[in-house]
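Q: So you can see what is in the structure, the chains are spelled out below.
There are 2 protein chains.
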Amino acid sequence: MTTYSKRVEELLGKAGADEGDIVKVELKTGKTYEGLLMPRTGFGNKDCLILKLKNGYNIGILMDKIKSIEVIKKAEKRKATPSTKSRKKTGSRKLKKVSILHTGGTIASRVDYETGGVKALFTPEDLIDLFPEIENYAEISSRLIANALSENLRFEHYNIMIDAIVEEIKKGTDGIILTHGTDTMAYTASALAFAFENLPVPIILVGAQRSSDRPSSDAAINLIAAVQFITGTDFCDVGICMHATTSDDFCHILPACKTRKMHTSARYAFQAINSLPYAKVWPKEEKIEFLRDDYRRRSDVKDKLIVRKFNPAVKVGVLKAHPNMLPEEIMVFKGFDGLVIEGTGLGHIGIESFDEHSKENERVREALQEVINSGAVVVMTSQCLHGRVNMNVYSTGRKLVEMGVLGNLTDMLPEVAFIKLAWLLSNYPKERVKELWYENLRGEISHRTLQ
Amino acid sequence: MTTYSKRVEELLGKAGADEGDIVKVELKTGKTYEGLLMPRTGFGNKDCLILKLKNGYNIGILMDKIKSIEVIKKAEKRKATPSTKSRKKTGSRKLKKVSILHTGGTIASRVDYETGGVKALFTPEDLIDLFPEIENYAEISSRLIANALSENLRFEHYNIMIDAIVEEIKKGTDGIILTHGTDTMAYTASALAFAFENLPVPIILVGAQRSSDRPSSDAAINLIAAVQFITGTDFCDVGICMHATTSDDFCHILPACKTRKMHTSARYAFQAINSLPYAKVWPKEEKIEFLRDDYRRRSDVKDKLIVRKFNPAVKVGVLKAHPNMLPEEIMVFKGFDGLVIEGTGLGHIGIESFDEHSKENERVREALQEVINSGAVVVMTSQCLHGRVNMNVYSTGRKLVEMGVLGNLTDMLPEVAFIKLAWLLSNYPKERVKELWYENLRGEISHRTLQ
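Protein chains in written order, with the working numbering: chain X, 1 to 451; chain Y, 452 to 902.
The shape of chain X in the complex, shown without the other chains:
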């Protein structure tokens, strides 16, 4: 997908230069640049040639400043049109089909050199053009289903993703990659995990902590690792493929319902909590090592796919417990369908008075009881993140259980609990929701471990 201006195209044509070639550009000032000729990606000045320099940085050179262009090395592997199998370097082996569904986010964004901010501007084709290597491993098809910064996604968008995935499955895909902003990627991963029962193909969510046109971007390694993992293993579940370290070595395949973004900016931000990654993938070495044996395999696929979507009208809130809670902070959830409490410690919130200065805790307890009585399903998780809720140990916990707060002895992440509760309330009557809360449906609850 070339979108250079006609003038630039003519200049490139004269030099015999194609995108992907290594070229040397001499400016009228005498200065020269050597780098990979990049495709234009649909934004900015079309008279501006884009080179990826050896140091990894992209630069733009205005056509009018260019004196000459010389091809140093022709591109080896591919032209910019996607999805043609003939270019496969490893021979005649039939490639698996991998569908990439784009939803926006940093992986599909670039630095805006005007504002210094990041813009979500890549098209699906642009993204494949940036990482042509992925077509060595699979027959790639790619489409845009949303172009969102992931913090803006809502339940409706989960349903759009679910529909798109079902469509790809019907078309006969061997696996799905969903590119996604990292802010709420873990929420979406669990949403997709719950949505599909008897999933026939793997779904791997991929994001990037650095935008794709930055030399430090982890977009390429994450995407390539995901393609290798889908095509090279029998894994058949929902996972997240993200960079595991600060260097360019390997990615983790992380469990959809046990993963959390644990750093605002680092490349190793995604961590399995109360769990382990499924596997390590070294994309350069094309090496995959499983860290667990308890994953769902393609051979486990027996029954027909069942899809259960989200009801956008379901109202689920999140309440983070903190000292000095005020009753109104809880009362707002009266009439909600569900509420996830992120409690302190083993799963507590200050609901007991022990002296004349803690009487307000009784108002907090009354408010919570009123929310429960209004019909909200209220569940407990812990802001400690690691470890299990245990409301048997202290009087606060026992009182909460008595009041009707669910979640005792579970170890669900608060984010996963939010998604599970919204999904259960979208699909089951409340009495069934309360039973299913304690069932490990998609790996969201670990088996009871001894302390």
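Derived by calculation from the structure, the hints in this document are not laboratory data.
Certain hints may be false.
Claimed, not checked - Short derived list, chain X residues pointing at chain Y, Cβ under 7 Å: (1) V166; (2) K170; (3) H263; (4) T344; (5) Y438.
All C-beta atoms, glycine included, are put in the ideal place defined by N, C-alpha and C.
Dock chain Y against the given chain X, drawing on the hints supplied.
A: Using the frame of chain X, we list chain Y on its own:
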């Protein structure tokens, strides 16, 4: 403090057995137990002798079942009355004065063998009696200022703690240990850090993840390490002393404003985030190793102590961002003095619509603007916990800054942000609060690091 019944005292007197001795108890059934004769701790049946067995467990033996008691080994070090310097094993060196202020929690609790739960039942003297070793290192005074499960503590209780600490300082203490439940210990640590300017003595918060009478309790090692650290170093700040590993080896001294409880039950639950522990303390080896050089020392104490307390009427809320936010979840904070948002990623919340399914995000933005316009100081933190808020990178963040959300480029933990905001609003006018938000007052903000 002996509270055995007169009958038991007579029996012990006949055998020449004192608390602290190793005794062999023969039952009328012929069964024998050997163990350390423990003091009674003010609850339960006073006719019941308490032995600490070699395996670490305490057992109670009813007087009427006992046939004979034989002293195997006399106690070496001490009798049960606290605070007498003559017993100091290391000779005539004058011991430093350490004040222990008890506020309840697991460290001051025991397993209730009737219900299986944990009860907060120890008195301050009981606790010292359980860990007599601490009197080898300091002249200990000890008093109860609250008996709370820490999830029930409110701003008023911070003020009670502050007053008690000031009183101990006036009495000439060399350092303060505050025993505390672990649920909100990190919140309290930062509350005390903010409350005191020019602190003249160290304050170390100590808790336990396992109740003190359990063989696996970390209460002893945490408490002894805190006493050693206060008496053995020039540290003069607020810190947390908690077990660092799963085995009985060493404790960490953690920074008051950079620490979080990161496990519901493990002994190594307390972790420094975006920071490092100040030191390691090996209580058995009486060894201390500093991991940082940037701590406040006793030699830094120059100016007069300034105390700023909490205003219990200040209303500060916490809002954890999640997908599918509803405007009413935000509107509840209208009229609050402050609001801490725990955003996604670099500090975001879904306030932008990008298609027809995300229109509700605009309502969320309007609600947030209304809260800000009502006068609430709204600050951003990240649910990633690690890393820095950066609202310059994406349009969502830039919009939030424009709307008046504070916190850009800070790396405050959400819990510390909650305490700092409540404390600032208790002591300063709002315009000054907004300036001080960006100032590193007590180590709550790390210096800017390059990514």
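Q: It remains to establish, for every hint, whether it holds in the given structure.
A: For each hint, the structure was consulted:
1. Checking V166 of chain X against chain Y by beta carbon gives a least distance of about 18 Å; that is not within 7 Å, so the hint is violated.
2. The interface hint given for K170 of chain X is violated, since its Cβ lies 23 Å from the closest Cβ of chain Y, which is over the 7 Å cut-off.
3. The interface hint given for H263 of chain X is met, as the beta carbon of that residue sits about 4 Å from the closest beta carbon of chain Y, less than 7 Å.
4. The beta carbon of T344 of chain X comes within 4 Å of a beta carbon in chain Y, closer than 7 Å, and the hint placing it at the interface holds.
5. A distance limit of 7 Å between C-beta atoms decides the matter here; for Y438 of chain X the minimum to chain Y is near 17 Å, and the interface restraint is violated.
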